[in-house]
Amino acid sequence: MDALDLARWQFGITTVYHFLFVPLTISLTFIVAGFQTAWFRTGNDKYLKATRFYGELMLINFAMGVVTGIVQEFQFGMNWSDYSRYVGDIFGAPLAIEGLLAFFLESTFLGLWIFGWDKLSKKLHLATIWIVAVGTAISAYIILAANAWMQQPVGSTINQAAGRAELKDFPAVLTNPTVLFAFPHVIAGAFMTGGAFVLAVAVWRLVKRPDEDHAPFRTAAKVGAVALLVGGLFVVASGDQLGKHIGVDQPMKLAAAENLRTTQTGAPFSVVTLWGPDGKQIFSLEIPDVLSILATNNPNGTVQGIDNLQAQYVAQYGAGDYTPVVPVTFWSFRLMIGAGTLAAFAALWFLWRMRRGRAPGRGAIAIAVLLPFLPLAANSFAWIFTEMGRQPWIVYGQQLTSQGVSPSVGTLEVLITVVGFTVLYGGLAVIEMGLLLKKIKGEVPGTAAAAGADSDDKPMTFAY
Amino acid sequence: MLHDIWFLLIAVLWIGYFVLEGFDFGLGILLPFLGRNDKERRVLINAIGPVWDGNEVWVLVAGGATFAAFPHWYATLFSGFYLALFLILVALIIRGVAFEYRSKRDNPTWRLAWDWAIFIGSAVPALLWGVAFGNIVGGVPIDANKEFTGNLLTLLNPYGLLAGVVTFSLFVTHGAAYIALKTEGDIRARANRVFLGAGLVAAVAAVVFLGWTQASSFIPGSAAVSVLAALALVGALGANLLKREGWAFIGSAATIGLAVVALFLHLYPNVMPSSTNPAFSLTVSNASSTDLTLQIMTVVAVVFTPIVLLYQGWTYWIFRKRVSAARIPDGAN
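Which chain is which? The protein sequence lines are A and B, in order.
Per my numbering, residue 674 is the first one in the first sequence, and the count goes up by one each step.
Per my numbering, residue 17 is the first one in the second sequence, and the count goes up by one each step.
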């Protein structure tokens, strides 16, 4: 492996890892804000318990999202300096704006929320968690707009003399069609992730803690299941839109996702395709016309094939291989859909099983334990699909990934950081999981202090 | 013109970062030594609990703003100082997790491990940010293609290392001032004593470093601000002797801010001078983005920076009370 491959592995590992925490953080913040709002409105203690309990899990997760996010900000310059030189005029601005608009909001108001239970009025304290939630959504939009520009470089021109892309129309960058389609898809996926987590933990408490007050967890289970289910519906609707857009904007990604070799009308959808170790296709199960329907809403619609597109790109960009790794693209796309669909069905199953006050029952535990991992897997496969599917481009149609890597960074240096981050992240995953499990199994945090005002002689409501 | 404004704004972001995160780095370095038992250590950590994360965002914005306004500066610096930045990243990661996770288990071994994680996570960046800035100002080998041609050892030269000692000792001083301002009883008295010792070390290191900087090439404005920085530190030490903790903190904050100003004045109009050939140096004009990008960024910065300062300031106001051991709850939280 050379420095380029290692830098790609590092980006893949650190980004997928970062994105395990991001969607969970976004949705958990909104869900916790929802619980706290319900408590503020009704004064019902069960909502406060749910706020405190899930709030603590949210914080454990939030910390991981924050610290792994720092790496993302630095990594472009460290491993991808030629990319940074090429795109800085356009891509840098969203990063800076994300920090100024979103990170400051999130970090400052999260601090206020954590430590402010007895220092702020109930209303103001409630406002802080909503500000954090809005901050996470702003952050998601801006960074997706930056990613969208790499997928579909709008609002800019290429300055050959300066060797870079230059900004022409910033509103166009912020309203890139790709981000308009991707943002709802990502947010809906985030709600599936948080919904599955909230539901699974609630089911676990209901089954394993028969003697405790079940009201907070029955509510949480319902909220989680609905978030997962509604999130799932929006994921499908937005995913359909996004898929059609990819078919127009990045036809090679769609062709690779479907393993469609030649341009066809009435193209079939391949449910399963298997490749041998040599990369040769050995089996494929296809349903006629379905791909054309998915991509164009028309059973006779034309979908471009890999071989045709490859020939077209050679003519357009010069000799080279413009085809992504097809099995990776094909399978990550299907695993994304499969894991997401399973999770949504699990939500339906739990809603039915717990209808009208029924207990979930011991048999539900196994499914509850597996459930949170399904949306996490779907999110990971979605990004692997999106990013692997546009290879060999780092900026679609403009800069190859191989042209973006840092020329001054040696193979050994990248190797050190790949190994370093992987070991560190692995260790932190173990610690984080251990702590989440401890808190999931532990006492619901106290709710008494949340009511009273601050005074000098009583212990702090929350302390590190 | 616009790129000059952005040079200034990036200096402002680094000032914000070093002045704010400076004291929580200092506090982190002092944690295992000033906090003699678990309650005392929790007092220290809770003194920065609500604010450290917001302080850290300043460096993310500084990084992002450098990427946006001076892509070549960002690219050369971050790929060039590769392993040093990797160490800083690892440190910031374990430090952030340590604050959040330390008191979540009621287990002495667990807590001790995280205390040392906070120490290392604070000490490494406190030292390495100084080394990085020393090398930016002092110049590093950069070729005609704007690429850094040295390695990690290139950065570990006497001038760069001295800059690291300056930031490290200044941050410890600043952290001690913050602890004295935010705690009560024994820790407060100990912090005041540490302030004096660390402040004297910082004064010597800073005077030698800033003198060396001016001796290598004399820039009157930068020299004048260097003198002001030294005076601020002397004032801070005086305030400490007079038991004026607020003024001591303002003094150490001013020292750090003025030192950054002195370095940026020394740097201008370069952003990364090349020691290979001055013609290869990155400057505010040859490293910058287009005017359109800088205009948009200027509007965003002018509108939102004051808002950020307002609500961050408000947070400090809300949590203005001193933290005492008596108010730290028992057990895990």
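Calculated directly from the structure, the hints in this document are not laboratory data.
Be aware that a few hints might be false.
Derived EDC-like pairs (lysine to aspartate or glutamate); straight-line CA-CA distance at most 20 Å [to be verified]: (1) A:Lys1111 to B:Glu200; (2) B:Lys120 to A:Glu1116; (3) A:Lys1112 to B:Glu200; (4) A:Lys841 to B:Asp122; (5) A:Lys895 to A:Asp718; (6) A:Lys1131 to A:Asp791; (7) B:Lys337 to B:Glu200; (8) B:Lys120 to A:Asp718; (9) A:Lys1111 to B:Asp20.
Treat the numbers as computed from the prediction; the structure is a model and nothing was measured.
query: Can you name, in rising order, the numbers of the hints this structure does not satisfy?
result: 1, 3, 4, 8, 9
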